[in-house]
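Residue strings, one per chain:
Protein chains: 4
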Amino acid sequence: MTSSIDLNSDVGESFGAYRLGDDAKVLRSVTSANVACGFHAGDPAVMRATVRLARDAGVAVGAHPGFPDLVGFGRRDLNASPSEVEDLVLYQIGALAAIARSEGIALAHVKPHGALYNMAARDRKMADAIARAIRSFDPELVLFALPGTQLLEAGRAASLQVAAEGFADRAYAPDGSLASRLLPGAVIHDAEEVVRRSLRMVRDGEVVATDGSVLAFRVDTLCVHGDTAGAASLTRLLREGLERSGVAVRRVAPASNRT
Amino acid sequence: MTSSIDLNSDVGESFGAYRLGDDAKVLRSVTSANVACGFHAGDPAVMRATVRLARDAGVAVGAHPGFPDLVGFGRRDLNASPSEVEDLVLYQIGALAAIARSEGIALAHVKPHGALYNMAARDRKMADAIARAIRSFDPELVLFALPGTQLLEAGRAASLQVAAEGFADRAYAPDGSLASRLLPGAVIHDAEEVVRRSLRMVRDGEVVATDGSVLAFRVDTLCVHGDTAGAASLTRLLREGLERSGVAVRRVAPASNRT
Amino acid sequence: MTSSIDLNSDVGESFGAYRLGDDAKVLRSVTSANVACGFHAGDPAVMRATVRLARDAGVAVGAHPGFPDLVGFGRRDLNASPSEVEDLVLYQIGALAAIARSEGIALAHVKPHGALYNMAARDRKMADAIARAIRSFDPELVLFALPGTQLLEAGRAASLQVAAEGFADRAYAPDGSLASRLLPGAVIHDAEEVVRRSLRMVRDGEVVATDGSVLAFRVDTLCVHGDTAGAASLTRLLREGLERSGVAVRRVAPASNRT
Amino acid sequence: MTSSIDLNSDVGESFGAYRLGDDAKVLRSVTSANVACGFHAGDPAVMRATVRLARDAGVAVGAHPGFPDLVGFGRRDLNASPSEVEDLVLYQIGALAAIARSEGIALAHVKPHGALYNMAARDRKMADAIARAIRSFDPELVLFALPGTQLLEAGRAASLQVAAEGFADRAYAPDGSLASRLLPGAVIHDAEEVVRRSLRMVRDGEVVATDGSVLAFRVDTLCVHGDTAGAASLTRLLREGLERSGVAVRRVAPASNRT
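Protein chains in written order, with this note's numbering: chain X, 193 to 451; chain G, 193 to 451; chain H, 193 to 451; chain R, 193 to 451.
It cannot be assumed that every hint is accurate.
A pair counts as met if it fits within one copy or between any two copies, since identical chains are not told apart.
[Claimed, not checked] Below, in silico cross-link-like pairs of lysine to aspartate or glutamate (DMTMM-like), each with a Cα-Cα straight-line distance of 25 Å or less:
(1) LYS317 <-> GLU295
(2) LYS317 <-> GLU385
(3) LYS217 <-> GLU385
(4) LYS217 <-> GLU345
(5) LYS317 <-> ASP269
(6) LYS217 <-> ASP367
(7) LYS317 <-> GLU435
(8) LYS217 <-> GLU435
(9) LYS317 <-> ASP330
(10) LYS217 <-> GLU432
(11) LYS317 <-> GLU332
(12) LYS317 <-> ASP214
(13) LYS217 <-> ASP412
(14) LYS317 <-> GLU345
(15) LYS217 <-> ASP396
(16) LYS217 <-> GLU398
(17) LYS317 <-> ASP248
(18) LYS317 <-> ASP403
These are calculated hints, taken from the structure and not from any lab test.
Construct all of the structure, not just a fragment, from the sequences and the given hints.
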């Protein structure tokens, strides 16, 4: 069905003296970079270095805002109010956009991180808050969200361009949500399996859930995680596998020279 | 000499459950608001509320970035590198600018806070870093800095519009620097004295230092602190005193509708 | 029934330049002080100052650990794992105990704060984690918890001394939980009403819920909030009201000279 | 001269999702472990895991308190007041001691980290503050400090047991201070050179400074950094080299069963 796909990865997740991920390598294979914004990971210096890497690799830069939970890496649900969520998302987008602007580029998309992404998938008020934050900053930013979720709906309702996101290396529960990382098999490490699943998402618009059921699952962008061991090579193999099968890998958002 | 002056105040210094200052009242009397950006004070929700208050009062909104030292309120010297300073200033400007944009206004100026302001007064590399951050975000932003300092020079060297800042309620050391808050008499609470000193700065371009010497001291903007007891009434009395003496109180930066 | 009661209050909730509560006054009327430990409120300097105030007032000092959520004041649910909760509670108890030791006193009790208190009331695994942290530090510490909750049960199961806590100035839902602060009437400001409800809890072992139903509700300690306007005078009026009615106000934990 | 020496290493410097150092391996070769306490590195869960590793390896556990500067890894000077330093050191010692106690051990020593260590080497008021914090918590704790510094003197003046610390893999300036990490050659990576310098410190009580001058330099403990690449093997080689030359490697502080 789809003959092209965007590849995205979460990058810029180092912090101070702490290194995480091999961003320079991962950025050679993806077309969209989701850059952490200092709340769950990243700091101003890491953000600038990451933006430069992405820019020089010709990769679209997006914001990857998260909860203010560095020790939990933004992976723990926090019952922030919609208003708090709107403001902290906007804050993070603005901070990254300023750094990107000083490096000569504009942001192309926004993908909430971790618990914020997962809570907004289920909670319409939180989803609407995120969509409001994005829209008020720049209505041309593309919102990345899981298919069939409140977040995707909220983006559409706010007239944002949305990109349905599949996870190339993650298992799915029968309801289409990501299987918890705490479960065995939740993260798929086998490159061939990752390519096979990705091709099925891209070409057939479906994914096999943990119970074996086949879910309709159209995607505009595929995420490969940058913080797992071997992420860089997995990403490269995925891109090669997709292209070998005739799928063009290109950014979901149009190249932008807005600054 | 000067027949008009800008009045500025540091606002938005509340944080979470903690309230500091009486911003709503202070903003009735000043023409420029320096809004804390979440590092030494302020949080995304406080920033939005403060931007709204300032906008509705017709007060110019500027960024008031500080060191990442909430428990020290940004008042403790931190030997961050110039590169770290550039990035953390840019981050904070961007975060506030995004919130301001969502409220329909653009930032007009930048005034570093506390130890960052004082270190940059003495340290040219830090000053240049701040000027670079501002310039790369928006070269039309006005930089507020103490007269005769490295920060003011750095702003000029970067072709920024600069505003020389006097402190209406602070004592000055013979070298023109602010007398330490730890010294008795460093903060002036008597309203008449504050008005008298301010008029001398504005009209005569001079200030009397702690040793009685008279310093040449031309200023474009006067700061009144918002976090001291009675700040709101002091600010009101200062404005009235200035206007009664024929000094027009108006913003240093031209009104901007850029967003 | 009971002829004596402990009065406790949350204190030490200032942070850096931010002041919250009138601890010096509140500590004149209570017998147990729950001191914030730097995660949701408080900092090392505030902790020391608060411990001194409590010690000099002859008030028992306890730890008031919370989630690491300063901007949310520890009031937002955070799905930390039981293991994370055990460690962060232990960390905070130890930090406060060290400061107390340097001021010549030992801790007498532990009362979790805000969302941690409320989540542990419902979630046995979190409650057990808190009880383990306390027990491993000092099995003589008294655990304060809401009657009928998992936290109280966990304390008993861990062979800790527990104190059932009533809230003098808060409304109760029909299930015995605290009515949400977001609801009107959740916080009771009328001193006479506070005294009347407190006497009924202390002498009759019951409280009237928001739907008018009467709940059995035996308490060993009563909390009065220190951070609301008028808290100090409310606390004083409550103590006077209790004593006038023949209820002795004394600490729940035996005086301890352990250091 | 000395026929025995303590080997220490900074450990527990991971944080949340971030890993730093190979503590399990390093702890096989050292006799004292300096455990980060959550301000510049470390978190409650990391602290517990590290204490367990050290305990199981029979290594003495000490506190490694630092400035509250996670993004700067505690390496940036912060002009905190002596009173602030005393309280933040005490806070961190207490937090770690509680976790150690829950794992069945007592702390044996304290070694300030990074900028705190270096500032206290020069600044007697800061040094006294650290000594006061240690003494008020447990006067039997051994203070690790650079020979000839204010910190060592402050420890002695406070009647603490002190251990003069040499750095096996760091260059020294002619005044006996550590050469800045920003200078080339400041960190020595060659194992043979590290062993040679260490033997000279231990047996001859001297070290060769960066200008070639020979400094008198008696040491009770040698530090090997745990966060550099190859730290674990360097530490092992150092221990083997020392023992091969007849130097006994044993903890500076007597084994303690106090809890």
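We went through each hint and held it up to the structure:
no.: 1; hint: LYS317 <-> GLU295; result: between (34 Å within a copy, 20 Å between copies)
no.: 2; hint: LYS317 <-> GLU385; result: neither (36 Å within a copy, 37 Å between copies)
no.: 3; hint: LYS217 <-> GLU385; result: within (21 Å within a copy, 35 Å between copies)
no.: 4; hint: LYS217 <-> GLU345; result: neither (34 Å within a copy, 41 Å between copies)
no.: 5; hint: LYS317 <-> ASP269; result: both (15 Å within a copy, 17 Å between copies)
no.: 6; hint: LYS217 <-> ASP367; result: neither (34 Å within a copy, 44 Å between copies)
no.: 7; hint: LYS317 <-> GLU435; result: neither (39 Å within a copy, 48 Å between copies)
no.: 8; hint: LYS217 <-> GLU435; result: within (18 Å within a copy, 43 Å between copies)
no.: 9; hint: LYS317 <-> ASP330; result: within (20 Å within a copy, 34 Å between copies)
no.: 10; hint: LYS217 <-> GLU432; result: within (14 Å within a copy, 38 Å between copies)
no.: 11; hint: LYS317 <-> GLU332; result: within (21 Å within a copy, 37 Å between copies)
no.: 12; hint: LYS317 <-> ASP214; result: neither (35 Å within a copy, 31 Å between copies)
no.: 13; hint: LYS217 <-> ASP412; result: within (23 Å within a copy, 45 Å between copies)
no.: 14; hint: LYS317 <-> GLU345; result: within (11 Å within a copy, 35 Å between copies)
no.: 15; hint: LYS217 <-> ASP396; result: neither (29 Å within a copy, 49 Å between copies)
no.: 16; hint: LYS217 <-> GLU398; result: neither (29 Å within a copy, 46 Å between copies)
no.: 17; hint: LYS317 <-> ASP248; result: neither (37 Å within a copy, 27 Å between copies)
no.: 18; hint: LYS317 <-> ASP403; result: neither (30 Å within a copy, 29 Å between copies)
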